[in-house]
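Visitor: Make the full structure from the sequences, and use the hints.
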Amino acid sequence: MASLAPFTVSQMHDWRRSPKIALVATSLILAIQVAIPALRFGPPDSPQRWAWQMFSKPPYSVEFTIETARGAEVADLDAHSAHPRGDLDLTGAMPAHLCAVHSEAIRVTWDGGSFECSSG
Amino acid sequence: VLVWLTEHIDSRPLGLARIGVGVAALLKALITIPILFRLTQPEILAFPYFDWVPRPTVSLVVVIGSFWLVSAVLFTLGWRVAVSGSVLTVTLALVLAIDQQTYSNHLYLMAWLVFLLTLARAGSGFSISRSDEPVVRWPVLLLMVQLSVVYGFSGITKINPGFLSGSVLAGSLQGGVIPFPDFLITPQFLSALAGVVIAVECALALLIWHTRLRLGSFFSVSASMRRSLSSCRPRPSWRCSRSRCLLCIRCSSHTEPMRWTCRPSLGASGGSRLLRASSRGLL
Numbered sequence: 001m002a003s004l005a006p007f008t009v010s011q012m013h014d015w016r017r018s019p020k021i022a023l024v025a026t027s028l029i030l031a032i033q034v035a036i037p038a039l040r041f042g043p044p045d046s047p048q049r050w051a052w053q054m055f056s057k058p059p060y061s062v063e064f065t066i067e068t069a070r071g072a073e074v075a076d077l078d079a080h081s082a083h084p085r086g087d088l089d090l091t092g093a094m095p096a097h098l099c100a101v102h103s104e105a106i107r108v109t110w111d112g113g114s115f116e117c118s119s120g
Numbered sequence: 121v122l123v124w125l126t127e128h129i130d131s132r133p134l135g136l137a138r139i140g141v142g143v144a145a146l147l148k149a150l151i152t153i154p155i156l157f158r159l160t161q162p163e164i165l166a167f168p169y170f171d172w173v174p175r176p177t178v179s180l181v182v183v184i185g186s187f188w189l190v191s192a193v194l195f196t197l198g199w200r201v202a203v204s205g206s207v208l209t210v211t212l213a214l215v216l217a218i219d220q221q222t223y224s225n226h227l228y229l230m231a232w233l234v235f236l237l238t239l240a241r242a243g244s245g246f247s248i249s250r251s252d253e254p255v256v257r258w259p260v261l262l263l264m265v266q267l268s269v270v271y272g273f274s275g276i277t278k279i280n281p282g283f284l285s286g287s288v289l290a291g292s293l294q295g296g297v298i299p300f301p302d303f304l305i306t307p308q309f310l311s312a313l314a315g316v317v318i319a320v321e322c323a324l325a326l327l328i329w330h331t332r333l334r335l336g337s338f339f340s341v342s343a344s345m346r347r348s349l350s351s352c353r354p355r356p357s358w359r360c361s362r363s364r365c366l367l368c369i370r371c372s373s374h375t376e377p378m379r380w381t382c383r384p385s386l387g388a389s390g391g392s393r394l395l396r397a398s399s400r401g402l403l
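Chains A and B supply the protein sequences, listed in that same order. Residue numbers for the first sequence follow the numbering used here, so the first one is 1 and each next one is one higher. Residue numbers for the second sequence follow the numbering used here, so the first one is 121 and each next one is one higher.
Every clue listed holds true.
Some residues of chain A that are not near chain B, with every Cβ distance over 12 angstroms (derived):
hint, residue
1, T65
2, G71
3, E73
4, V74
5, G113
6, S114
Simulated restraints, written as ranges between beta carbons of each label pair:
hint, chain 1, residue 1, chain 2, residue 2, range
7, A, G86, B, L122, 44 to 50 angstroms
8, B, V320, A, L28, 26 to 32 angstroms
9, B, V178, A, E104, 25 to 31 angstroms
10, B, F309, A, W15, 49 to 55 angstroms
11, B, I298, A, L28, 42 to 48 angstroms
Footprint (simulated), chain A over chain B, 3 or more residues, beta carbon under 8 angstroms:
hint, segment
12, 211-221
13, 263-269
14, 277-286
By construction, these hints were calculated from the structure, which means they are not laboratory data. The beta-carbon is built from N, C-alpha and C at its ideal position, and this holds for glycine as well.
Guide: Shown next as structure tokens:
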């Protein structure tokens, strides 16, 4: 029965068969697999990225209003964002971007905040 | 434990998983590459994780898209999976890192799965470049852990008033290729459906470890294919000595190491006949 080797010669040299590598790699990857979502585990109503919360909030709902000397208009988010996911907080970056794109903008406001274009 | 981790197991279920993930990577490319192209336009907000990350250019997106598509095709076919899988893993990681707006749970999961499939030598099964060869167990184990972690966390994090109210499902079920019946979009039904979703996801996280139930419950389409391939597929052969013949069956499965089982079958005369038949190539 000596000829009944269950694997080929090339497979015998597979580095994955090394017990040391198997132990270290399994432990390391296993720790990362569990640690990342565990550390990112956040408030239940607030979907967290990298945490396998396989649903997101409804599309981004904050409205940005661009105020100019001629009046005010609500910014079209679809025209200014690549993919407005609900779990993104755009209030930090979008006002400055709207000011940069709309040269006549004086101020950008949204529910709970405002941004002076000259300050950007 | 170390012996168990380094045992050889059947590579064909892994090959099937590679094909499925590869096709999914191709489909995901069709969704994500347009988002990358949008990011190159100046009127679109660039929202990198770090300020020093530059806005992607059209040429960079063309390169990323090309690498993504080509490596996904080769990965699916099983051609040099060590290379095509590594390139695909790096490409997916790069897409995830390039801007906060490209993030998607499915893209992130895909990057993990491609990495683990590459690590597991998923090109050893159902590949155009070589015949099926067994693979080492521990990377496959990590792949199963990954799926279990995803379903476990996915189920647990859905246990919140927002999801249980059905509002998230209401948003997801509107529109689509096959519209969900309007009369079923009620708070009561969607709330119950949300409960079912959570129960199924939590169950899947555990059932994947149950040899029989895993295949019956996990991915209804692939399950049937996987079951037929991962259960023991006997490959009989005869081994004869002067006195008797043994019927030896090489049996391999996803969950068990490749093994040979031999049992007495025929007496010496029968063995001699079998030996002659075998030498003539009749067996």
